[in-house]
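Novice: Sequences and hints are given; from them, build the entire structure.
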Amino acid sequence: GENVEQHPSTLSVQEGDSAVIKCTYSDSASNYFPWYKQELGKGPQLIIDIRSNVGEKKDQRIAVTLNKTAKHFSLHITETQPEDSAVYFCAASSDTGRRALTFGSGTRLQVQP
Amino acid sequence: NAGVTQTPKFRILKIGQSMTLQCAQDMNHNYMYWYRQDPGMGLKLIYYSVGAGITDKGEVPNGYNVSRSTTEDFPLRLELAAPSQTSVYFCASSKQGSGELFFGEGSRLTVL
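Sequences listed follow chains A and B, in order. Here my numbering is used: the first residue of the first sequence is 1, the next is one more, and so on. Here my numbering is used: the first residue of the second sequence is 1, the next is one more, and so on.
None of these hints come from the bench; they were simulated from the model. Keep in mind that this is a model prediction, so the values were computed, not measured. The C-beta atom is built at its ideal place from N, Cα and C for all residues, glycine as well. Any given hint might turn out to be false.
Which residues of chain B face chain A? A partial, calculated answer using Cβ under 8 Å [what the hints assert, rightly or not]:
id	residue
1	Pro8
2	Tyr33
3	Tyr48
4	Gly104
5	Glu105
6	Gly106
Specialist: Here you go:
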């Protein structure tokens with residue numbers, strides 16, 4: 001089955017700096033790669049996703065890049081703000097087989113004011 | 001609009017007890033999922049369902065059972081609770097397989 005590795009496990013940045021979180025996946029059939037943000041005591045919420053026919057997608061301060069050849073994808077947050085502090089999860093799935101997301105282990109992002 | 005509702009939010013069980021975690025969604029989603037979240041380990045898929053009457057095992061199904069008699073409800077049953085089942089459980093739903101998951105707020109279970 002699919003295996004998703006996520007790095008780093010913790011990340012501390014100063015307010016206004018950029019943050020980058022990286023993930024690799026193992027199943028070449030995976031074609032959907034979402035990122036979820038989890039705030040304390042809440043369930044994860046989708047913040048951005050990308051499909052394998054696209055190399056990059058941007059939404060305001062958040063961007064995701066995908067390299068299908070190398071099987072890795074990354075989340076980029078620019079101009080970080082204290083409210084960006086949360087746990088971020090990458091995930092992968094395919095349109096065939098299980099069709100359920102396999103999640104990475106999470107990155108705890110702390111933005112220092 | 002309620003979205004995905006999980007009950008209870010917190011529960012303490014003794015070893016060997018049984019219980020059911022309830023999950024209901026009001027978005028008419030076909031797909032529903034149960035994940036467990038252990039510290040530093042991300043979310044692991046326990047069971048999922050692609051529609052009423054259909055359920056499938058995920059990565060970590062041992063010790064759990066599910067049923068899907070209606071589109072709205074997807075209860076998770078723990079038989080003979082063990083300390084290894086201490087975790088936070090999340091139910092989620094989606095309109096399609098490769099699409100946005102909507103999560104409940106979680107159920108924190110402690111087995112002593």
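Novice: Now, for every hint given, state plainly whether the structure supports it.
Specialist: Outcome of the hint check:
Hint status for Pro8 (chain B) relative to chain A: violated, with the closest Cβ pair at about 15 Å, above 8 Å. Using the Cβ-Cβ criterion of 8 Å, the hint placing Tyr33 (chain B) at the interface with chain A is satisfied: the shortest such distance is roughly 6 Å. Because the closest C-beta pair between Tyr48 (chain B) and chain A is about 5 Å apart, less than 8 Å, the hint holds. A cut of 8 Å between beta carbons decides the hint on Gly104 (chain B): the least distance to chain A is about 6 Å, and the hint holds.
For Glu105 (chain B), the shortest C-beta to C-beta distance to chain A is roughly 5 Å, which falls under 8 Å, so the interface hint holds. With a least beta-carbon distance of about 6 Å to chain A, the hint placing Gly106 (chain B) at the interface is held under the 8 Å criterion.
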